[in-house]
Structures are given as C-alpha cells and as structure tokens.
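As given, the protein sequences belong to chains A and B, one line each in that order.
Per the numbering used here, the very first residue in the first sequence carries number 21; after that it's consecutive.
Per the numbering used here, the very first residue in the second sequence carries number 21; after that it's consecutive.
Don't read these hints as lab results, they were simulated from the structure.
The structure presented is a predicted model; accordingly, all values stated were derived computationally and were not measured.
By construction, the Cβ of each residue, glycine as well, lies at the ideal position given by its N, Cα and C atoms.
A portion of the hints provided could be inaccurate.
[Claimed, not checked] Among chain A residues calculated to face chain B with C-beta under 8 Å, some are:
{"hint": "1", "residue": "Asn22"}
{"hint": "2", "residue": "Phe23"}
{"hint": "3", "residue": "Phe64"}
{"hint": "4", "residue": "Arg72"}
{"hint": "5", "residue": "Met162"}
[As the list claims (entries may be wrong)] In silico DSBU-like pairs for lysine-lysine, Cα to Cα no more than 30 Å straight-line:
{"hint": "6", "chain 1": "A", "residue 1": "Lys58", "chain 2": "B", "residue 2": "Lys58"}
{"hint": "7", "chain 1": "B", "residue 1": "Lys122", "chain 2": "A", "residue 2": "Lys26"}
{"hint": "8", "chain 1": "A", "residue 1": "Lys58", "chain 2": "B", "residue 2": "Lys26"}
{"hint": "9", "chain 1": "B", "residue 1": "Lys58", "chain 2": "A", "residue 2": "Lys76"}
{"hint": "10", "chain 1": "A", "residue 1": "Lys43", "chain 2": "B", "residue 2": "Lys158"}
Protein chains: 2
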Amino acid sequence: MNFSSKLIEEAVEAFAILPGIGKKTALRLVLYLIHQDKDITTNFANAITNMRQHIKQCSNCFNISDDTICNICTNPSRDKQTICVVEGIRDIMAIEDTGQYKGMYHVLGGVISPIEGIGPSDLNISSLLQRIQTEQVKEVIMAISPTIEGDTTIFYISKQLTDVEVNVSTIARGVAFGGELEYADEVTLARSIVARVPYKK
Amino acid sequence: MNFSSKLIEEAVEAFAILPGIGKKTALRLVLYLIHQDKDITTNFANAITNMRQHIKQCSNCFNISDDTICNICTNPSRDKQTICVVEGIRDIMAIEDTGQYKGMYHVLGGVISPIEGIGPSDLNISSLLQRIQTEQVKEVIMAISPTIEGDTTIFYISKQLTDVEVNVSTIARGVAFGGELEYADEVTLARSIVARVPYKK
Chain A
21 MNFSSKLIEE AVEAFAILPG IGKKTALRLV LYLIHQDKDI TTNFANAITN
71 MRQHIKQCSN CFNISDDTIC NICTNPSRDK QTICVVEGIR DIMAIEDTGQ
121 YKGMYHVLGG VISPIEGIGP SDLNISSLLQ RIQTEQVKEV IMAISPTIEG
171 DTTIFYISKQ LTDVEVNVST IARGVAFGGE LEYADEVTLA RSIVARVPYK
221 K
Chain B
21 MNFSSKLIEE AVEAFAILPG IGKKTALRLV LYLIHQDKDI TTNFANAITN
71 MRQHIKQCSN CFNISDDTIC NICTNPSRDK QTICVVEGIR DIMAIEDTGQ
121 YKGMYHVLGG VISPIEGIGP SDLNISSLLQ RIQTEQVKEV IMAISPTIEG
171 DTTIFYISKQ LTDVEVNVST IARGVAFGGE LEYADEVTLA RSIVARVPYK
221 K
C-alpha cells in the first residue's frame, strides 16, 4: 500500500500488530482518528499506555488487578472457603457476569498440554495447592474447558489433593440451555445421558 | 461486562470508540497488549499520538501529508499538467497502488449530495478551478464513484470549466476485469454496451 506519508504508515503498522487487524482495517482506523478531534487520539493513547504501565497480577489468585491484591480477593463479603479454578482471566469475567458465584478464584494461566510443551510447573498449580491448605478451603470448583487437555489438568490437580480434606467438583456439562438436541455433538449428548440427574417433582 | 479493573475498563472503552470494534473485540485487543512487552504498547500509543499531532493536509491538493505540501505535489518528476480529481485520500492510495498514473491529484472531500446537505461550497471545488487556471493544466481526469451523486459532481465541475481550455475525462466504466457478464448489474452492462470501444486488431 502506498501511504505517501511516513506518519500514516507508522500508525497503520502500529495498529496492524494487533490480532485480527490487517493493514486495510488498520488504515480505516487511522483515517477515522484523523477525522476526529486531536483530544480523542490523545485520550485513546493515554488510556492504553496507562493500563499497560499500571496493570498488575493479583499475587493471590493471578487475576489481573489495579493493585497487588485484586478486588475479588479483598472483598470481605465473598466466601473465602470456595475457590473456582479457571484457565484465564476472561473466564473470571464470564463467571462474574452470571452473578451466580460469590467465592474466590484461582487463574491457572492455561491447561496441561504436552503437545504445546505446557507441563504442571508452567501453570499456577503449586500456589493453588498452597492456598487450599492454608486458607481452610472447603470446595474447589474446576471451571476448566471440557477438552482432553482440560480433563487432564483436572485429573492432575485432583490427584494432588487426594490426601487433602477438600471437596473437588467440576461445573456441569451437558446440552446447552436453549440448544436443540439434534444439533448437540454426540460426545456431549452421550455424556449428558450418562450424567443424567433426578427430576425434582 | 465485569472487568474488576478500572484500568482495563478504560482501555476497553478507548478501543471501543473505533469503528467496527465492539466491547468484546476491544477486550481481546487489551488482553493481547497485556501479554506483550510494555514497550510494544508504548510504541503503539506513540505512533498514533505522533501521527494525529503532526499530520497535515496538503495546501495544494488536500491530500494528507507530513508537510505543508505533500510529496506528490513536490515530486518534480510528476506531470503537473494533469490533475486527477478524487473524492477522498483513500482513492489516491488505490490509484497510486496501480502505478499507472504519474500526474497530480485534487481531493474534493466528498461528492455533491443534496440529501446529506453537501453542496459545491462544502467541497474543494473552487481551489480546483483556481489550480486549473493558474497551473496550465491540460487534462482533468474525474476519478469519482459511478453513482448519481458522483455524476452530479462531475457534471457540476465540467459546467464550471466550459469557458476554460482544458480536457475533461472520466475513468472508464464497464464490466470489471475478471468479472463474469451474467453477474454484472444491468446498469453497468447497459452502459458498457452503449460505451463500447473499437477492437484494436
């Protein structure tokens, strides 16, 4: 692409490093900003730099946080005896959006995947085991993706907890609410028959 | 969405002002930047602020430019007697990418559109007429969108040039190269029959 401007070219290349944004989209975004007030671009750049400079990882649960300890860990009204184990911070946002859960979290930072070379030591597992033993945790809820890697991770963590007095549960798996049976994949459907629950009359 | 972080929330809202970027995409971009080196975010923000602060409009042809006069207008090897009239700066980039044109440009900044309240005085038409008269221009090529508004604009400009000794042409319209006739719309196909050209044997 011929930009005939070094400034435009640099801005387009800056946008194009972002995932899912190619040079054409980047140009569209840059031209949009050119036609807006200068303050809008300044505020945009400041918000992003500020975020990247000051964002921290909660030293307790590994959630992203504005402070050393995140506002879920410091919230006194949350149940400290339940830990929900998730792969990433986006899972915390999704669960928080449901408004159904009032316990603590622990971010693993991924799942065990021998193919990608990710072993238990690459994940925040030892800190989880330590938290379970020191914080008098009663239940650990595994909110991990229902994949082979996810199941391996759950199995590995539960093995580490055999001698620890704590309940381990996984989030329910089955056909999605509002989904139609004929479109459910066969593994999900087979599992949901095996794991059928008594109907409360 | 529950971000549990003011910094993330502000960065997401900053990205979400851009066209075609919703809150979910914005969050994906922010989380991508969190996992990159701090310098990448700083360079990204600097490139965009720098561009917005220093970008100018060429005072001759209204192209975007790093200087008061753009590098097409200052290029001594370009043909100063031909002006290609376009709607916007993206059209210049598209034509430059073809490598077929070595003349000058003039950006109108849009087309005449009574519905949107855009009249001739809202566009860079008077400066175009002045350039044609003072710069000994021999040909004006109208590279304007083949729409009703585009045709109106071409008609208006050519009317202003009736007493001026200059050739006015429009870019060729017809079926696109590589396109199939049966998929061409009927107006384009009808026009391309009316405007048929002798085949060079």
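Hints, verified against the model:
no.: 1; hint: Asn22; verdict: holds (4 Å)
no.: 2; hint: Phe23; verdict: holds (7 Å)
no.: 3; hint: Phe64; verdict: holds (5 Å)
no.: 4; hint: Arg72; verdict: holds (4 Å)
no.: 5; hint: Met162; verdict: violated (21 Å)
no.: 6; hint: A:Lys58 / B:Lys58; verdict: holds (24 Å)
no.: 7; hint: B:Lys122 / A:Lys26; verdict: holds (20 Å)
no.: 8; hint: A:Lys58 / B:Lys26; verdict: holds (24 Å)
no.: 9; hint: B:Lys58 / A:Lys76; verdict: holds (12 Å)
no.: 10; hint: A:Lys43 / B:Lys158; verdict: violated (36 Å)
Checked against the numbered hints given earlier, the structure breaks hints 5 and 10 and satisfies all the rest.
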